[in-house]
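Single-letter residue listing:
Number of protein chains: 2
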Amino acid sequence: MRFGIFYEHQLPRPWGPDSERQLIADALEQIEVADRVGFDCVWEVEHHFLEEYSHSSASDVFLAAASQRARNIRLGFGILPLPPGFEHPARRAETVATLDLVSNGRVDFGTGETSSGAELAGFGVDRATKREQWEEAIDVVTRMMVEEPFAGWDGRFGSMPPRNVVPKPVQKPHPPLWVACSRRETIRMAATRGIGALSFSFVEPEEAGAWVDEYYSVLASEECVPAGFAVNPNVAVVLPMMLAHDEAEAIERGIDGAHFFGYSLAHYYVFGDHRPGRTNIWDEFQERRDEVGFARHIVRPDQAPLGVRILQEGLGSLRGAIGTPEQVRELVSRYEQAGVDQIIFVLQAGRNRHEHIVESLELFGAEVLPQFAGEAREAREAEKAARLSDAVAAALARREPARASDPAYVIAPIDSGPPAATAGRNGRSPGARAASLAQDLVDRAVTGGEQAFAAFVHRSDDRRLERIVGSDAGLRVLFSGMTARYRPDAVPGFAGSVLYDLRLADGTAKPWSVDVGPERAVAYAGRSPDPALTMRVAVADFVRIAAHDLDPGKALMTGRLTFEGNLSIAMRLGEMFGETSAL
Amino acid sequence: MRFGIFYEHQLPRPWGPDSERQLIADALEQIEVADRVGFDCVWEVEHHFLEEYSHSSASDVFLAAASQRARNIRLGFGILPLPPGFEHPARRAETVATLDLVSNGRVDFGTGETSSGAELAGFGVDRATKREQWEEAIDVVTRMMVEEPFAGWDGRFGSMPPRNVVPKPVQKPHPPLWVACSRRETIRMAATRGIGALSFSFVEPEEAGAWVDEYYSVLASEECVPAGFAVNPNVAVVLPMMLAHDEAEAIERGIDGAHFFGYSLAHYYVFGDHRPGRTNIWDEFQERRDEVGFARHIVRPDQAPLGVRILQEGLGSLRGAIGTPEQVRELVSRYEQAGVDQIIFVLQAGRNRHEHIVESLELFGAEVLPQFAGEAREAREAEKAARLSDAVAAALARREPARASDPAYVIAPIDSGPPAATAGRNGRSPGARAASLAQDLVDRAVTGGEQAFAAFVHRSDDRRLERIVGSDAGLRVLFSGMTARYRPDAVPGFAGSVLYDLRLADGTAKPWSVDVGPERAVAYAGRSPDPALTMRVAVADFVRIAAHDLDPGKALMTGRLTFEGNLSIAMRLGEMFGETSAL
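Residue numbers (my numbering), protein chains in the order written: chain A, 520 to 1102; chain B, 520 to 1102.
Just so you know, the hints here were simulated from the structure itself, not pulled from any lab data.
Some hints could be false.
Taking CB as the label site, the calculated pair distances span [unchecked claim]:
#, chain 1, residue 1, chain 2, residue 2, range
1, A, Q890, B, D991, 48 to 54 Å
2, A, R1006, B, E742, 20 to 26 Å
3, A, E806, B, D537, 54 to 60 Å
4, A, A767, B, F1013, 45 to 51 Å
5, A, Q805, B, M1076, 34 to 40 Å
Partner residues aside, some chain B positions facing chain A, computed with beta carbon under 7 Å [stated by the list, open to error]:
#, residue
6, H574
7, S576
8, V580
9, E613
10, A637
11, P668
12, N683
13, P686
14, V689
15, R794
16, S852
17, L907
18, V929
19, L1023
20, T1027
Remember, it's a predicted structure, so these values are computed and weren't measured experimentally.
Think of the CB as a built atom: it goes at the ideal place given N, C-alpha and C, for glycine as much as any other residue.
Can you build the whole structure from these sequences, using the hints too?
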């Protein structure tokens, strides 16, 4: 049996200015304790907008912080919702891999769909297809972690061209996969996909036993076709926990937290009408807990709601591990006998107090955990691995192998436009697109140094130069850059126009003019009526001169460039418009 | 003057199995050193798919890890691309806030657009509108961190209903904002939006001076209308760095890294044709560095490319802080005199060695940094704050205030469907949607305990029950759940049909039948031709009985429920189909 702790970052109102910071700081301290006393994994949820119920919306950040505070405990996403509306699958793959790197291979990759209306509608995720979205995304995400390069995605819920998604995780082929389950069918589904089942039902050991048996029998059957490139045969169940040597004390410390957990969950998922930023769930819980089955005090035992009766009558799934170390040892044994592989305890719930949580973790580590760890566990796990190894190998053989992308596929830095779908949605004229490309080129030429611009020009043929820099929009960018760098002191006293009589290879004229004054220069497309100087040159040559790829002296001598008018101005053009101007 | 270090996580090929892990581990160690010797901020880029150039695709994870290794240094996103195609603005707000919580308020929130074709096309982000996307997203993200609840987003590039985005950052109203700049116009734009300018051009001190002057004059003018809810008046420039007491040694240690940085940047942004997973940029760099201006050795000085000449002729922007502590002190002074607020050094570049980086950081902390820190800096910063305070207040007064959402806005957990836009895209029949809702309801009823289902039913009127659970799809879910729980031993020896003759309030018949056998039970919509038992009841009452909200005995006595046929079977229905079945 392995042991985990689970965080939703619950924060009942009212909130002070420091509440969220303290909540997180306490949790990190608890994880240090859990790590020290031998817990195997900390699991962190990802929820959005579920104020009071869960302030854990960036589990990756929290787990990454935890990775440097606790050096042995594993770090479980519990879970990352995979429908692409929440986050692009590439971002999920990158996040999981980077956490695996900073933690030196300690990630468990729990996945799921999410089902609260607050979250689905918040991110515009379609409820009816979220299972299919999960199916599509888990294939994409695992391929991203395995394929070098990722061969691409062309699916019902998104698409992506081939890319090498970096970094890759430490654990090969990828961290163990899990899926959130809330009922028997999902657990069965987990088995058919060869991934761990994270059961968030508060399930009794004996019922869990039936689920576990079915899980392993399906996993070992031909029905199992792995979702990832490795099989993770594990069933974990989640239970509330609070330990004290005195049973009544444990219940006193843990009952409100466990009840608020259940109430606030039901608020968001079942019965609550939620006013963002206004609803006070804690107050409503206090008012209504009796009515919905979370009564705090019982007048007549036979009138008590189910939850309370179970809490008094024995250690059941609703009570979980709230009790004495002895009671919890016995409970854990029952789950162990049922074949459950990991119990994940929820301690941080409602207003459960930090010091009680720390005390419970210490007690668990001292008085419960040792009975289930050590050599017996090692032997049992080795035996399990041996028993399943043939079935796992057979399952993996049924899986479609990683794909290979076309070796000829090339990404060009400048020409790459948006994919057709996006272009359609945010459609821009070709001119706007060329302007944007040219602008980026100029930006990057500056950033990367002149060399980069020169190299781009050097490696481009005339057609490419005409298309990108020589377009109307590209020329606008180039001339704007020139006038921005205008230095009036280069030609003191001169005021007049320079006409750039540019031509495309097909003969089309692309005239631009710059009016030069004592303070500034203004460029515009078209012919100045009375130019002091006219420069005639092909657009591509003009760009090459600007990039120092073509020597203007040579161009003059070979007739590719001609001047007409005030030649003394011609000699000062470079100085007038800065080094990267044309001339 | 403040000092930062900048990470792209460069990783030239070839890669070993441990290369990425070691790269990250080294970087974390370097940050510990930087923190100890007095650096102010570590900046981390977010890039995707730019293998060799940048393996930093989850900067939040890396910075969160760094937050627990270094307890004083600030943590800068340098930058997070804001176009929503990379990541939903809510995820950005959540990430920034959570990092601010785990670090106790040490986040600098750098933003930008991203311009590589590899990334834009990879995420389907439209190049032509990325500036407008940034404009829209920075407004949304900052409002999410300030508004309680966020009042919603209905824009050109996305939308979101009102939600309380949690957690909120420690720094109020939000962490300092920055924007990536690569040219004078963007720096000017940063000033008009009242945010810090992160200049990624390698710019000379004197040119930087002109930029800084313009920045502060625009920021103090009426042109400044802040993007966020606080003004961050700061200009930072990025420079390569490598320090050694011997100048030649510093150049020897730093030149290849700085050159590879420039070459690989130009590869992705300007001239490279990239084959994902196949192109070897390091090898190409070795072959072509001379050709594109990154020559390693010079035969004749006058033939040397620009970059090398500058590197030898003086401390310029392309050389940056590669040299002796004395040279770098002098360089920093020039930037200080130019009015630059922060210099961000790039040490991790190309194959620069970990021990050289650590040595440089130590040298900088011992021999350069002290001259620019201490009381003089405090005084200068206080003077600057006082000088700008009126302008900042005036600018903030020009900004549109945070919005308030309609207090009557309510999220209903069950009825919330996807927004119209998504429904159109992934359109499903109303039946499918109802099935999905009903499925979630049953899932959540199990997870949250019976109480939750009961409470939902208790708080719903008949019309709502009919719509959600009483739809064709909802009934399918309910009956599937019943048959899945079928226990043949409850009625040993019996085989036959039970007809549930259900009716809606408007009289419409909704008959369902369950064929019960020795091993399993099968449910289907419609009338069994020869039922052993017929139950007649309204759909809403049927659901209420299933949820234990209506006592079947009472329903029988009041005639709301009637049986016909084998009444001994009627008495066993509850046992047959488990506790949560109808009866």
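Hint check: 7 Å Cβ-Cβ cutoff, B:V689 to chain A: At about 5 Å, which falls below the 7 Å cut-off, the nearest Cβ of chain A leaves the hint on B:V689 intact, so it holds.
Minimum beta-carbon distance criterion (7 Å), B:N683 to chain A: With a minimum Cβ separation of about 4 Å from chain A (threshold 7 Å), the hint on B:N683 holds.
Chain A contact restraint for B:T1027 - C-beta distance below 7 Å: 24 Å, violated
Satisfaction of the B:S852 interface hint, Cβ to chain A closer than 7 Å: Status violated, d = 24 Å.
Hint status (Cβ of B:P686 to nearest Cβ of chain A, threshold 7 Å): B:P686 check passes; min Cβ-Cβ to chain A is 4 Å, inside 7 Å.
Satisfaction of the hinted span 20 to 26 Å by the C-beta atoms belonging to A:R1006 and B:E742: Given about 25 Å between the Cβ atoms, the range holds.
Minimum beta-carbon distance criterion (7 Å), B:H574 to chain A: Status holds, d = 5 Å.
A:Q805 paired with B:M1076, Cβ distance criterion 34 to 40 Å: Given range 34 to 40 Å: holds, Cβ gap about 36 Å.
Cβ separation of A:E806 and B:D537, checked against the hinted range 54 to 60 Å: 57 Å, holds
Cut-off 7 Å, beta-carbon criterion: hint that B:P668 touches chain A: 3 Å, holds
Chain A contact restraint on B:S576 - CB to CB distance below 7 Å: 4 Å, holds
Per-residue hint verdict: B:A637, partner chain A, C-beta under 7 Å: 5 Å, holds
The earlier numbered hints that this structure contradicts are 16, 17, 19 and 20.
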